[in-house]
Amino acid sequence: MKLSQPIGPDLGLTQLIDDGFKVVVEQGHIKILNVPFVTSSKIVSRGTLICPYISNAGIIQPPENHQVWWTEEYPCLSNGVPIEPFRNEDGVREIYPGCTIKHRFSNKPVGVDSYPNYYCKLTHYLYLIQAQAKVIDSSVDAKDLGNDAEIMPESTGPFAYSDTASVRAEIKAITARLEHQRIAVVGVGGTGSYILDQLAKTPVKEIHLFDGDVFEQHNAFRAPGAATFEEISLNQPKTRYFKTKYQAMHTGIFEHPHHLDATNLHELTDFNFVFLSVDNGTTRKLIYEHLKAQSIPFIDVGMNLYIDKNIQQLAGACRATLYQPGSEAFFEQNVPLSDGNEEDAVYKLNIQIADMNALNAQLAVMKWKQFSKFYRDDFDFTNALFTVNFMSLNRNKKD
Numbered sequence: 004m005k006l007s008q009p010i011g012p013d014l015g016l017t018q019l020i021d022d023g024f025k026v027v028v029e030q031g032h033i034k035i036l037n038v039p040f041v042t043s044s045k046i047v048s049r050g051t052l053i054c055p056y057i058s059n060a061g062i063i064q065p066p067e068n069h070q071v072w073w074t075e076e077y078p079c080l081s082n083g084v085p086i087e088p089f090r091n092e093d094g095v096r097e098i099y100p101g102c103t104i105k106h107r108f109s110n111k112p113v114g115v116d117s118y119p120n121y122y123c124k125l126t127h128y129l130y131l132i133q134a135q136a137k138v139i140d141s142s143v144d145a146k147d148l149g150n151d152a153e154i155m156p157e158s159t160g161p162f163a164y165s166d167t168a169s170v171r172a173e174i175k176a177i178t179a180r181l182e183h184q185r186i187a188v189v190g191v192g193g194t195g196s197y198i199l200d201q202l203a204k205t206p207v208k209e210i211h212l213f214d215g216d217v218f219e220q221h222n223a224f225r226a227p228g229a230a231t232f233e234e235i236s237l238n239q240p241k242t243r244y245f246k247t248k249y250q251a252m253h254t255g256i257f258e259h260p261h262h263l264d265a266t267n268l269h270e271l272t273d274f275n276f277v278f279l280s281v282d283n284g285t286t287r288k289l290i291y292e293h294l295k296a297q298s299i300p301f302i303d304v305g306m307n308l309y310i311d312k313n314i315q316q317l318a319g320a321c322r323a324t325l326y327q328p329g330s331e332a333f334f335e336q337n338v339p340l341s342d343g344n345e346e347d348a349v350y351k352l353n354i355q356i357a358d359m360n361a362l363n364a365q366l367a368v369m370k371w372k373q374f375s376k377f378y379r380d381d382f383d384f385t386n387a388l389f390t391v392n393f394m395s396l397n398r399n400k401k402d
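Residue numbers (the working numbering): 4 to 402.
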């Protein structure tokens with residue numbers, strides 16, 4: 004048995020290895036390789052059983068359900084007829100990078116509501132499948148090719164702990180499309196801080212925060228989470244406050260505690276994507292021209308809440324606009340790029356409400372995820388405008 008790290012309390016993993024099965028644990032999944040099965044041509048072949056293997060604060064959790072995945076063609080009885088009792092779902096898909104399955108099985112012994120551990124769960128399917136192969140060749144066995152185990156060190160990527168949410172939701176391969184991106188957030192005020200909140204929960208490689216302002220008491224009322232009085236008293240840069248908050252979860256956060264201008268725009272280079280959350284049209288235009296020259300896609304956000312003096316209630320909208328090479332004309336028509344613009348003037352009144360900031364950020368992040376092929380995009384919009392007094396979302400796109 005070859006282990007690259009101690010197993011610890013493992014809910015059946017040690018028993019599988021000690022029994023002689025070829026076991027692999029990687030990316031939140033446990034696999035048994037070399038399982039003999041019968042093909043539709045009544046030939047004995049080998050396949051792999053897989054199921055999630057999830058920990059919580061370092062403790063392996065019991066199996067959540069009674070389903071497993073299978074990597075090869077559907078296993079058959081010795082006469083070549085499919086073993087139908089555990090058929091659940093057919094179709095090729097990647098469950099995590101480098102691991103493709105073809106079928107999902109669902110079955111449990113009579114009288115059993117749930118499997119207590121992974122040994123019981125995996126061997127239940129293994130023996131049902133292998134028994135049919137033994138009818139054709141009694142010498143075959145999942146144990147007969149050696150009992151070396153491959154227990155990969157748990158990879159957390161840019162996180163301080165592993166992303167078990169993607170494993171549980173069975174979207175690890177889709178989530179991986181966000182990996183390796185270097186993201187910049189320019190402006191971590193009300194909306195920008197909520198953008199960071201969402202980015203910190205994705206496996207992007209790096210998140211760079213650009214802002215020259217200090218985190219003050221009023222910022223606490225339009226930012227995610229809850230700042231302590233002591234944290235406010237530090238008068239620290241916003242970038243430092245938010246990096247400190249979120250590095251507990253995401254390790255790849257970098258602070259740039261200054262505003263961007265013509266003297267330091269070179270810092271905004273070699274990013275895969277940028278979120279632009281500023282309240283100054285001149286600055287926005289300067290950054291836009293730089294990103295356009297670098298062919299860097301980005302999303303600009305803006306908000307224009309105002310007081311309806313007749314009824315003393317707030318009205319207005321928030322906007323998220325995607326720029327990508329080729330959309331210059333559309334972007335310039337929909338985004339204020341000079342000072343004195345009505346949207347900028349209203350924004351500077353500092354009427355920002357946490358829920359509108361959060362919604363503005365969510366629109367931007369979801370559009371970025373569509374751009375990154377995480378979410379399906381049926382409409383392919385490039386500009387979203389939510390109006391709170393009508394509770395309406397208008398979308399349009401470049402021609």
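In short, the hints are calculated from the structure, not lab data.
Worth double-checking, as some hints may not be accurate.
Said to hold, decoys possible - Below, simulated DSS-like cross-link-like pairs (lysine-lysine); rule was C-alpha separation at most 27 Å, straight line:
| hint | residue 1 | residue 2 |
| --- | --- | --- |
| 1 | K208 | K105 |
| 2 | K111 | K204 |
| 3 | K372 | K248 |
| 4 | K146 | K295 |
| 5 | K312 | K295 |
| 6 | K376 | K105 |
| 7 | K288 | K248 |
| 8 | K208 | K111 |
| 9 | K248 | K295 |
| 10 | K204 | K401 |
| 11 | K111 | K45 |
| 12 | K137 | K204 |
| 13 | K137 | K288 |
| 14 | K105 | K137 |
| 15 | K146 | K45 |
| 16 | K208 | K146 |
To be verified - Estimated spans, in silico, between C-beta atoms of each pair:
| hint | residue 1 | residue 2 | range |
| --- | --- | --- | --- |
| 17 | F393 | N110 | 47 to 57 Å |
| 18 | P119 | P260 | 23 to 33 Å |
| 19 | Q336 | R185 | 52 to 62 Å |
We put the beta carbon where it would ideally sit given N, CA and C, even for glycine.
> Going through the earlier hints one by one, which of them does the structure break, listed in rising order?
Replying inline: Numbers 1, 2, 4, 5, 7, 8, 9, 10, 12, 13, 16, 18 and 19, in rising order.
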